[in-house]
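Novice: Residues per chain, in single letters:
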Amino acid sequence: MSPTVDAAAVAKQAEQLRQEGNFCFKKDRFGAAIDAYTEAIALCPNVPIYWTNRALCHRKRNDWKRVEEDCRRAIQIDHHSVKAHYMLGLALLERQEYAEGVKELEKSLDLGRGANPQGYMVEEIWLELAKAKYMEWEHVSTKRSWELQSLKEICEAALKEKQLLDSSHTKGFLDENTKSNAEQLEALSKVFQKAAENDIPTEVPDYLCCKISLDIFRDPVITPGGVTYERAVILDHLEKVGRFDPITREPLYKSQLVPNLAIKEAVRAFLNKHGWGYKMD
Amino acid sequence: MSGPSPSSRKGLSKIACNRLQKELVEWQVNPPVGFKHKATDNLQRWVIEVNGAPGTLYANETYQLQVDFPEHYPMEAPQVIFIPPAPLHPHIYSNGHICLDILYDSWSPAMTVSSICISILSMLSSSTVKQRPADNDRYVKNCRNGRSPKETRWWFHDDKV
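Keeping their order, the protein sequence lines are chains A and B.
Sequential numbering of the first sequence, starting at 13, is according to this note's numbering.
Sequential numbering of the second sequence, starting at -13, is according to this note's numbering.
Keep in mind the hints are simulated off the structure, nothing from the lab.
Just so you know, not all the hints are guaranteed correct.
Label pairs and their in silico Cβ distance ranges [to be verified]: (1) E35(B) / A170(A): 34 to 42 Å; (2) S108(B) / Y265(A): 30 to 38 Å; (3) V152(A) / N4(B): 22 to 30 Å; (4) N4(B) / Q196(A): 55 to 63 Å; (5) N34(A) / V19(B): 55 to 63 Å; (6) V11(B) / L160(A): 27 to 35 Å; (7) V19(B) / A127(A): 32 to 40 Å; (8) E165(A) / V11(B): 46 to 54 Å.
Simulated crosslink set (DSS-like; lysine-lysine; CA at most 30 Å straight-line) [as the list claims (entries may be wrong)]: (9) K164(A) / K285(A); (10) K8(B) / K143(A); (11) K276(A) / K291(A); (12) K116(B) / K119(A); (13) K223(A) / K127(B); (14) K172(A) / K0(B); (15) K291(A) / K(-4)(B); (16) K8(B) / K(-4)(B); (17) K22(B) / K266(A); (18) K276(A) / K0(B); (19) K191(A) / K172(A); (20) K116(B) / K115(A); (21) K0(B) / K143(A); (22) K143(A) / K119(A); (23) K223(A) / K22(B); (24) K0(B) / K38(A); (25) K252(A) / K116(B); (26) K24(B) / K39(A); (27) K276(A) / K(-4)(B); (28) K0(B) / K72(A); (29) K(-4)(B) / K38(A); (30) K(-4)(B) / K164(A); (31) K291(A) / K0(B); (32) K223(A) / K116(B); (33) K285(A) / K0(B); (34) K266(A) / K8(B); (35) K285(A) / K8(B); (36) K252(A) / K(-4)(B); (37) K0(B) / K223(A); (38) K291(A) / K116(B); (39) K(-4)(B) / K206(A); (40) K291(A) / K127(B).
Model, not experiment: these values are computed from the prediction.
C-beta: ideal position from N, C-alpha, C; glycine also.
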């Protein structure tokens, strides 16, 4: 027997083990699935899907340390693996490595969009990413608002003390003094109000929202008529409603859609400043 | 009016639900002039009060619109009818069905309940005569089995309104 035939036979056997693993996985028998994938890996360690499938089983069992290990191996073999970056991101978030976890999710989102912009993975990854970003914002903004509040109290106390000191030097014009003192305190309060503004949830501006979904843009594309839509939404429209631009009603084909990078940047800048915009429901 | 229309028997999709919630918030902040949304907890069926515009044939008259949203709104048009008594108008049948192209063939997902309302009011306002469509009796008889206006093959009498 030649070595190539051997290799083919081994690959075939590993593939059978994967099928077996998938079968067990569908029946929620994760332990048995892990055993099958482990055997497949022993035979063919260079097939990334064996690693990501095993990682998925570990995820189901909340064994995040092993999820991370398997995903890292899968990425070593194929650094374009959507699932490996996605689950690695989740594992990192699980141990509160926000920045790194978010980075992995963003990477998997970009890869997923390239492969299939309307796929379920893209939606799932976005939701996880938004959840992580929202949690991160909640954490940071709570801290920020406490710090501002205590700084405000200190500044007010200091200002009042100074006003008291000044009034003991100047005699008369009491009314005028009281008035300007109150104005100073009000101005100080406005400064602090302004500083807290970005962290107060309001409405996302219309120009950052898709005219069909009314949701903030994730992957905006522009039509020849100059109107911007969310990619998955306009693709759905072209498929189900008709081949026209929903606003201008001009004929429109899938191939005419171009990414609107400027709006994408604007959304990114907005969300960096207003993390509450990641709230999905 | 009566039971749910065929198109609204299925619940709203997540996308539809999300969009309708946003439309409702926008409506509450900025309602179209002459319309009032009657608050209910049913997101899938809106009942809207319409007041005829001053200086038109329908001034000082009040009607009710019923809007039913399909599972895949806004990729599919909502069903919009007047709850009888419907206004006397050459494009409105006595059973409340409205002959207006944007509700059927010319629907676009970029339209909203608010923009539909504005179109309907402008259709009323531009009317010069208070009468039923010529084929009213025949049409209404054909709809007796509870047929939705969305299943009608409309031919649009003119494109002015």
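Novice: So, for every hint listed, does it hold in this structure?
Specialist: Here is what the structure says about each hint:
1. E35(B) / A170(A): 34 to 42 Å: violated, 57 Å
2. S108(B) / Y265(A): 30 to 38 Å: holds, 32 Å
3. V152(A) / N4(B): 22 to 30 Å: Holds, at about 26 Å.
4. N4(B) / Q196(A): 55 to 63 Å: violated, 47 Å
5. N34(A) / V19(B): 55 to 63 Å: 59 Å Cβ-Cβ, so the 55 to 63 Å window holds.
6. V11(B) / L160(A): 27 to 35 Å: holds, 29 Å
7. V19(B) / A127(A): 32 to 40 Å: violated, 47 Å
8. E165(A) / V11(B): 46 to 54 Å: With a Cβ separation near 35 Å, E165(A) and V11(B) fall outside 46 to 54 Å, so the hint is violated.
9. K164(A) / K285(A): holds, 21 Å
10. K8(B) / K143(A): With Cα atoms ~20 Å apart, K8(B) and K143(A) stay inside 30 Å; holds.
11. K276(A) / K291(A): Holds. K276(A) to K291(A) sits at ~18 Å (cutoff 30 Å).
12. K116(B) / K119(A): Violated. K116(B) to K119(A) sits at ~62 Å, over the 30 Å cutoff.
13. K223(A) / K127(B): violated, 39 Å
14. K172(A) / K0(B): Violated, at about 54 Å.
15. K291(A) / K(-4)(B): holds, 27 Å
16. K8(B) / K(-4)(B): Between K8(B) and K(-4)(B) the Cα gap is close to 20 Å, so the pair holds against 30 Å.
17. K22(B) / K266(A): It is violated: about 39 Å lies between the C-alpha atoms, which goes past 30 Å.
18. K276(A) / K0(B): Holds, at roughly 24 Å.
19. K191(A) / K172(A): Within the cut-off at roughly 13 Å; holds.
20. K116(B) / K115(A): Measuring from Cα to Cα gives roughly 64 Å; hence the hint is violated.
21. K0(B) / K143(A): holds, 17 Å
22. K143(A) / K119(A): holds, 16 Å
23. K223(A) / K22(B): holds, 23 Å
24. K0(B) / K38(A): holds, 26 Å
25. K252(A) / K116(B): violated, 38 Å
26. K24(B) / K39(A): Given that 30 Å is the threshold and the Cα spacing comes to 49 Å, the pair is violated.
27. K276(A) / K(-4)(B): violated, 35 Å
28. K0(B) / K72(A): holds, 25 Å
29. K(-4)(B) / K38(A): Status holds; Cα separation ~29 Å.
30. K(-4)(B) / K164(A): violated, 54 Å
31. K291(A) / K0(B): Status holds; Cα separation ~15 Å.
32. K223(A) / K116(B): Between K223(A) and K116(B) the Cα gap is close to 36 Å, so the pair fails against 30 Å, i.e. violated.
33. K285(A) / K0(B): holds, 28 Å
34. K266(A) / K8(B): holds, 27 Å
35. K285(A) / K8(B): Holds. K285(A) to K8(B) sits at ~22 Å (cutoff 30 Å).
36. K252(A) / K(-4)(B): OK: K252(A) and K(-4)(B) at ~18 Å, within 30 Å.
37. K0(B) / K223(A): holds, 17 Å
38. K291(A) / K116(B): Status violated; Cα separation ~50 Å.
39. K(-4)(B) / K206(A): Violated - the C-alpha atoms of K206(A) and K(-4)(B) are around 47 Å apart, more than 30 Å.
40. K291(A) / K127(B): violated, 50 Å
The structure is inconsistent with the numbered hints 1, 4, 7, 8, 12, 13, 14, 17, 20, 25, 26, 27, 30, 32, 38, 39, 40, although it conforms to all the rest.
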